[in-house]
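**Q** So the sequences go chain by chain: A and B. Using the working numbering, read the first sequence as starting at 731 and increasing by one per residue. Using the working numbering, read the second sequence as starting at 731 and increasing by one per residue.
I should point out that these hints are in silico values taken from the structure, not numbers from a laboratory. Treat the hints with caution; some may be incorrect.
[Unchecked claim] Partner residues are not named here, just some residues of chain A that face chain B (Cβ under 7 Å, in silico):
id	residue
1	I737
2	I797
3	Y803
4	L804
5	P1130
[Stated by the list, open to error] These stretches of chain B come out as covered by chain A in the derived footprint (C-beta under 8 Å, 3 or more residues):
id	region
6	902-916
7	1134-1145
Computed from a prediction, not measured in an experiment: that's the story for all the values here. Note that beta-carbon positions come from the ideal geometry of N, C-alpha and C, so glycine has one too.
So you can see what is in the structure, the chains are spelled out below.
Number of protein chains: 2
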Amino acid sequence: MAQKPSIPKGTRDFNPEQVAKRHYIFNTIRGAFETFGFQPIETPSFENSDTLMGKYGEEGDRLIFKILNSGDYLSKANSEAYDSKNSNKLTPSISEKALRYDLTVPFARYVVQHQNEIEFPFKRYQIQPVWRADRPQKGRFREFFQCDADVVGSQSLWQEVEFIQLYDTVFSALKLEGVTIKINNRKILSGIAEVIGASDKLIDFTVALDKLDKIGEEKVKEEMLGKGISEEGIAKLQPLFTLSGSFESQIDSLKTILSASEEGQKGIEELAFINTAISELGLKTAALQLDVTLARGLNYYTGAIFEVSAPKDVKMGSIGGGGRYDDLTGIFGMKNVSGVGISFGLDRIFLVLEELDLFPETVNKNVEVLFINFGEKEALFSLKAINELRSQGINSELYPDTAKMKKQMNHANKRAIPFVVLVGDQEIESNTYTLKNMATGEQHKVPLKELISLVK
Amino acid sequence: MAQKPSIPKGTRDFNPEQVAKRHYIFNTIRGAFETFGFQPIETPSFENSDTLMGKYGEEGDRLIFKILNSGDYLSKANSEAYDSKNSNKLTPSISEKALRYDLTVPFARYVVQHQNEIEFPFKRYQIQPVWRADRPQKGRFREFFQCDADVVGSQSLWQEVEFIQLYDTVFSALKLEGVTIKINNRKILSGIAEVIGASDKLIDFTVALDKLDKIGEEKVKEEMLGKGISEEGIAKLQPLFTLSGSFESQIDSLKTILSASEEGQKGIEELAFINTAISELGLKTAALQLDVTLARGLNYYTGAIFEVSAPKDVKMGSIGGGGRYDDLTGIFGMKNVSGVGISFGLDRIFLVLEELDLFPETVNKNVEVLFINFGEKEALFSLKAINELRSQGINSELYPDTAKMKKQMNHANKRAIPFVVLVGDQEIESNTYTLKNMATGEQHKVPLKELISLVK
């Protein structure tokens, strides 16, 4: 029986134009990754559940898509959970596999599993879809691509320098000028917490500080007070709220604020190193900015924290982020593997390029030449030319049916094909082709060689 | 707690070399698809279960991976099935989504859902993974890529001609010369069944005939007898068993054998048209062969049937196949949409290219130049050169740590990086770089411009 077809909420079909634009972004990023020495890996769409579960917190566990075991899966169901109809408890006994939730945990698993084949430091990139059972909303999907580059096995700060250059290179190549690469350091945040006597409230403190942009100074202070940070401590924060100016002058202020914290000093040193190197090397179109309120997934990062924002005139959340983490692979039993990585927010980058009209006109690999089909003999004559055009990389095709000329021309118009070729008895006799430019209406009767150069 | 990490059976990790080789195949096929006027679409990894279920037969339904509903899924479980612990019956009530099993049904769903946006005839290609809960074995995986090109909305035989050219173009571009494109036509098989009085046993008949290569004439006859085809009918088949020679001479024999079948005559006409066109147009490296035993998914195909075999010296099943089907979208309520399509067997093509050593040497986008890291000042000087190399598309990197020279050189060796660059005080002073060719051991102290041209 006929069904009205649809797709699951939070998923998307991509039409040819959308695929072409997405691949343009992928290929630009891929190209930059490779010139920077990153190499691609790919991992399976689903992992054993125990590889993923427990790695993203309780909320994450809930959002992981689980795959039902095949066959008579109930025969192995946990009977206690079954009898009590407890979904959560039943799941592990009827589902052994789950869809990838991000690329980081599968990468950690990959590194540990293949550690003997890998030459460290290992620079890998990975561009693959991930799945999350999140409530779908504007710009948030249940299936979306992630795009990550990481280095594991080196603590060198040159990596941080290179990642800033990499962001700059990718966004410049995408012609998306004026992005801001914000940087902070976990050690700065720890240092501040230490100085104001709130080391034990680091998370509460950073969560509140992170809101400075949105809710303003007073509300941030209120929230901190509410979380039990002392008035005295908050008073010590005052210089932070007014921190501004160049990277260097902010560094200078931080030196004063954090003079009592060894960890804070270390953070300042790292930031200063990175900033000096970037100043020496220069950026193409991006700007580097120190932002001491930047926290992101703080528990995860141990050093640098990155976030990229779109040019100021575009309303959009961050289009990239990352940082350094000191123990990526510990969850799988391999200790002391330091890593640092960044990711690109593909869907948001797509929207920004769309809004600013930055996709190249040639992005859609459309057919360039359509040969009108007037009959068998003419079609065969046309296909010989089409063979030659294709071998020269010109996308071309024959209208498959001997339909009315008007219908065929309409087809070319609707598909925005720039050239059509007409072949009749005259053309076959004189071994020529009548080429029509659909934009100008101009027509030329030319031999094949000239046709090719006109189309090119 | 530490786990020993692994991946689900039937799935694979791909290391950088494998990813590079796979993408080389994808990109070659993608390029050919586009010059032939095919446009890419992408569909979600999972579909609503009712889009997929019932489309692949009972066996197929069993092999579809089902995704468990999120949250307290048992609260909506079918209570009858729950009480009787009937897995099959329970599934639809606790799982609404399922992983894509092939690209054909999602394509049909796409065409129906987007019919008002599509300009027909619609030539689409799609390269995406599919999932099957098959028993994993050598060369059979639970996650693998399919690679399909189809045209819907035209009954023209020029499409069949173009698909043969497309196969030829792709395999020639992959340097895989000597493949055989076998062709048959459903109408020929129906005609033969008709002539021998076994029209009602078409499937049994073709299943037996399909085995001619493997089990030989006598066993095929035995099987047909066993299935109730008369001795008299089988006797009429005799000329088929000895059918050989050129496409044209086989066509001539078929004309005699099928003289009494109108449908058979129609099939012959179609094959002859295709063969004449291909003879006129020529193929680059492939051969076209008529194979009346070729059946594939017979119930599915209504006209041409294709199958591609690897060059004779390679032991490998078919590396591609396809055909014409007359009612792709009927399952979703859109009638009379004729289609024809082909697919490429990616994993087998990979194995064949590997066996014949046909991957280009440059397929692996390895780092070409590694700069040895002697310290901060040297590293910064190196990064300025690296910036320039990268902007010229040369994959290059700085060793991140100031490790012992021997360790850094070993790293270059293990990764098979062809050039290293050494920068010390002397080089910085004279604004030069010492370039070492790792294969020959040759060293040159050169300015940046010369370094670039030497590496290129």
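**Q** Any hints this thing doesn't respect? Which numbers, in order?
**A** Going through the list in order, the structure violates hint 6 alone and respects the others.
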